[in-house]
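Trainee: Single-letter residue listing:
Protein chains: 2
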Amino acid sequence: MDRRNFLENSFKVGLGMTVGMTANNAIASNEFKNSSESKFKIPYPYKKIDPEKVAHKAYKYYRVGECCFAAFGAIMDELRESVGEPYTYIPNEMFFYGAGGGNGWGTLCGTLNGASAVITLVTGKEYSKIIDSLYEWYSTAQLPDYVPHNKEAIVTTKPELPLCHVSVMNWCKASGYAYDTKERSERCARLAGSVARKTAELLNAWSDQKLKDISVNAGCKTKMNCMMCHSSRLLPKS
Amino acid sequence: MDRRNFLENSFKVGLGMTVGMTANNAIASNEFKNSSESKFKIPYPYKKIDPEKVAHKAYKYYRVGECCFAAFGAIMDELRESVGEPYTYIPNEMFFYGAGGGNGWGTLCGTLNGASAVITLVTGKEYSKIIDSLYEWYSTAQLPDYVPHNKEAIVTTKPELPLCHVSVMNWCKASGYAYDTKERSERCARLAGSVARKTAELLNAWSDQKLKDISVNAGCKTKMNCMMCHSSRLLPKS
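Protein sequences appear in the order of chains R and P. Here the first sequence stands for residues 1 to 238, where the numbers follow full-length UniProt numbering. Here the second sequence stands for residues 1 to 238, where the numbers follow full-length UniProt numbering.
Be aware that one or more of the hints could be misleading.
Here are some chain R residues pointing at chain P (derived, C-beta under 7 Å) [as the list claims (entries may be wrong)]:
id	residue
1	Gly84
2	Asn103
3	Tyr127
4	Ile131
5	Val147
So, partial list: chain P residues that the calculated Cβ filter (under 7 Å) puts toward chain R [to be verified]:
id	residue
6	Thr88
7	Met94
8	Thr120
9	Pro162
10	Asn204
11	Trp206
Pairwise CB distance ranges, derived in the manner of DEER restraints [as the list claims (entries may be wrong)]:
id	chain 1	residue 1	chain 2	residue 2	range
12	P	Glu85	R	Val83	42 to 50 Å
13	P	Ser215	R	Pro148	35 to 43 Å
14	P	Lys173	R	Ser207	38 to 46 Å
None of these hints come from the bench; they were simulated from the model. Glycine included, C-beta positions come from ideal geometry on N, C-alpha and C.
Construct the entire structure; sequences and hints are all you get.
Mentor: Quick look at the structure:
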């Protein structure tokens with residue numbers, strides 16, 4: 001199959017989508033059957049948490065271990081307080097690596113990575129729809145929308161994609177601050193607050209069975225500006 | 001600052017790099033001070049593990065919970081067997097969400113996401129250089145290089161970036177198989193084997209103090225084909 005035919009065929013079934021099914025399908029059919037034993041199984045018990053408290057903690061935690069640690073740790077701390085075991089056995093520091101889109105590689109925004117781990121712990125099989133809601137909100141909202149007490153609002157932008165590189169660069173272009181400034185760092189600390197708060201809100205709504213189902217077309221999830229890589233010369237005419 | 005000036009200024013300090021410092025800097029200065037208590041702290045104790053055994057387990061685990069679960073779970077299982085606590089307290093299933101670059105969103109390759117979490121658990125402050133080694137290898141190697149017993153080799157490609165979308169699409173273009181085929185799924189199962197094996201090798205080398213230090217220029221980490229977004233018309237002339 002040559003490149004043109006490949007792309008034409010791919011578009012017929014929805015190019016832009018990378019993998020198609022998520023692990024959720026596998027869970028449904030396997031029920032974790034082959035997985036080695038750990039002492040606690042997901043989903044972990046959940047009690048509703050205070051989104052504002054979580055946001056403030058995430059904002060502060062950014063200064064300790066950046067974005068991924070901040071979002072994960074702020075929510076886990078609340079759950080360690082309100083529920084206790086088994087949340088007490090997982091160290092927040094495991095998520096240091098997610099900073100800067102994966103150890104600075106600019107891929108998955110660390111705040112989303114850390115939040116996704118907690119969502120999976122809490123909701124088990126239902127993680128997929130909650131993560132879709134979070135990533136869709138992140139891609140389309142004006143962020144950061146968390147403003148710390150006694151501080152001024154800052155420039156907000158639409159991240160467009162769950163990618164650190166694009167999210168940060170969009171903000172840098174709009175604000176005029178380069179990536180290596182304290183202003184950009186403050187923006188990402190507030191973003192950790194925003195994402196942790198939104199995650200707490202989604203988990204609370206899910207717990208109340210009030211989560212509004214959103215449908216994210218799988219073909220849209222990886223909408224990395226198709227035309228940039230997949231030149232129009234190669235697209236089918238119809 | 002207009003777009004042109006922003007880009008010119010950004011290039012002077014290295015556009016392409018998103019965040020600059022990683023959480024490692026924060027660890028160095030904060031020593032986890034503000035982090036809420038969990039029962040076990042990183043780094044966890046480590047005993048060397050068998051890379052081939054890990055690769056085979058990751059390949060099999062892909063059919064249970066896809067790429068991120070597979071890489072994380074295969075290594076964790078070995079450590080639960082050889083070390084025991086505290087690895088016994090973290091469920092592999094927490095990493096289901098990383099499938100397909102984050103719940104199918106095509107960002108950070110799930111195999112790298114899961115592997116990075118184990119690396120951070122095992123090496124604590126030293127995670128950054130090991131993750132850089134892993135991502136740099138992933139970006140430049142011909143993958144998947146794991147071939148299951150009694151099976152034929154398949155097409156291999158250079159993923160170029162730690163992004164699921166690019167990694168999968170490069171392979172699809174070279175092999176002629178679309179993303180939603182069983183052949184692409186087999187490729188990603190083998191990739192989980194490759195990445196889990198490489199991670200085990202890196203951890204063993206680190207444990208023997210034989211890890212070859214690699215230096216990845218921070219400006220290169222997010223090399224998402226700058227020219228695609230950052231048109232040449234906007235670049236400084238010199």
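Trainee: Could you tell me which of the numbered hints above are not met by this structure, giving the numbers in increasing order?
Mentor: Violated hints (numbers, rising): 1, 5, 10, 11 and 12; every other hint is consistent with the structure.
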